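Trainee: Letter by letter, the chains look like this.
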Amino acid sequence: MSNLLQVNDLHVTFVTPDRTVHAVNGVSFDLKRGETLGILGESGSGKSVTLRSILRLHPEHRTRWSGSIKLGGDEVLEMGPRALSDLRGQRVAMIFQEPATAFDPVFTIGQQIAETVRRHTGKSDSDSWKRARELLEMVRIPSPEQRLKAYPHEMSGGMRQRAMIALALSCNPSLLLADEPTTALDATVQIQVLLLIRELQREFDLGVIFVTHDIGVAVEVSDRIGVMYAGKLVELAPVERMVDAPQHPYSRGLLASTVHDGMRGQRLEAIPGAPPDLAEVPGGCSFAPRCKFVRPDCTASVPSLREVETAHAVRCVLAA
Amino acid sequence: MDTLLPIQDRGGPAQPLLLATGLRKHFPVAGGLLGRTTKVVRAVDDLTLSVAKGETLGVVGESGCGKSTVARLLIRLIKPDKGTMVLDGDPVDEPHGITVNELRRQVQMVFQDSYASLNPRLTIAETLAFAPRAHGLPAAEARERVRDLLAKVGLDPVNYADRYPHELSGGQRQRVNIARALALRPRLIILDEAVSALDKSVEAQVLNMLVDLKKELDLTYVFISHDLNVVQYLSDRVLVMYLGKIVELGPVEAIYGDPQHPYTKALLSARPSMDPRKRTREAPIQGDPPNPINPPSGCRFRTRCPFAEDVCARAEPPLADTGTQAVACHMRVAGSGHSKAVAA
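These protein sequences, in sequence, are chains A and B.
Residue 194 in the working numbering sits at position 194 of the first sequence; the count goes up by one each step and never skips.
Residue 42 in the working numbering sits at position 42 of the second sequence; the count goes up by one each step and never skips.
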């Protein structure tokens, strides 16, 4: 089966007069239709930057990139403005952490969804409105007819997130990018939205990239999980492998330091120190300063992402 | 010489460190013509709780349930509309009792936003010395205390004392906030989502430190969080809140092992699974928590409860003792009129 998305050696650097940040330093992965890739990482790991690069959402004049992002054969990094705006929403859609800021506060939910449908499909006003109604039904918003006329602030957090999913799917994209879409939601609402994303993904055979810092959330939705650290993927594996037998010391530390059932009274295995500053590209393994298995060859050169088993790749000199 | 010694225990181990009775806080919402008060947010409604000496009381609930209002009431950042508080036998802010200032010497708080809780213009040393100096500690002793405090929270005093908050990472800043909370040698620390903004690897460091400090300094914690796993890890007793009311209260083993209230059950099973072979198949409850401005009549959870009946809308369920824990649900009250009520 051919790949929906192919990211190859992506580098993203933000340049401002007083600072250069190497946010993404060589990320490669691919994604098939109908597959969900979870990208797990802490703040500053480059997970959101990677995701936003797929839609080229970074400010053009301050961003330098290299590598390749291929969507069904088209190179995203070489697209002109026209091709980009056709890409956004129509082929690739994105949902964000804060639906309140993703919607325009002065238009109703219905106006915003219908406008998107009109722009991308050329449907008439009444057909677009009808489609908006269908979409709200699809994301299981009760009394959709009334909700179409609601302004974003009149809806609860969970409803707004559902409405944003409706908006994202309004033009039948093949790829959905999700940037921590449930982080701001309450526990009982989060699980509803996760289940909804999973269902819609199956129904529409979507490729999904789901960025999160929460391992439990990643486990609930992902087929494969990629762990990012300091702008690199340090491990990429099917979800079962990642949970059962993580290989990279950072993935292991991350799993061990996450509190879950049955850890009461035990001392937590914390990773000492803090992630590196990305003002300079780290030479060698960027996790080495915090790693308890560090060896001289860790700092000599950047370890490559090697496959240790089918579909399980690790960026560590110790991985076998 | 040292004017700020740790406070001695007075009532013995059986007397609760903090007892709050019938706390109520309603916030008026200005609206309508001429900004008249038309609505009221019932943030906390007749809440009674006690904190035993040396325990960690966990408080969980979703946004709008009033858990942060409880924290602010306990340390009197806001004044309750009704209700009393007693700190180790001393009534707070009453004749013959202790003043609010004295309460705040013994009860301290750590907030979620580590940056907003620090004064950006003060160095770490100045921040930490501020309260001890205000309470009359001589400058030389205050300097020594700052060194002690930084060492206690795992920050090298030589390196960190003269830095400003923006020069620290989130985890380091939260350590400073914890050190500041310890500066007056309090007995009770209220941690309001204190680790929620931290990355997981840093969160684990801070949790380990909180466990160590509690033992070393004989502290009592009220730990407020939306993260059920962290609350389970740290707490001895757990209080579950929903729309300003206690729905369930009991030892951590009982609450997590045998939850009785439908809301507690839903909250626990809404946790994402850590096992890809046992993914969640169905959301335990639908909808969002309702707005606390107009809480439902009777049992406030009834609008989302799968077992709701007429009686739930009519009467408010009392917090009934089941032997192991206390539950506010008509199904746990014999003769309440609910078809699933326990036998007398």
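Treat the hints as calculated values from the structure; they're not laboratory data.
If you're wondering where the values come from, they're calculated on a predicted model, not measured in any experiment.
Treat the hints loosely; a few may be bogus.
[As the list claims (entries may be wrong)] Where chain A lies over chain B, by a calculated footprint (3+ residues, C-beta under 8 Å):
hint : stretch
1    : 220–229
2    : 236–246
3    : 263–277
4    : 328–340
Quick reminder that beta carbons are idealized off the backbone N, C-alpha and C, glycines included.
Trainee: If a hint holds in the structure, say so; if it doesn't, say that too.
Mentor: Going through the hints against the structure:
{"no.": "1", "hint": "220–229", "result": "holds (count 4)"}
{"no.": "2", "hint": "236–246", "result": "violated (count 0)"}
{"no.": "3", "hint": "263–277", "result": "holds (count 10)"}
{"no.": "4", "hint": "328–340", "result": "violated (count 0)"}
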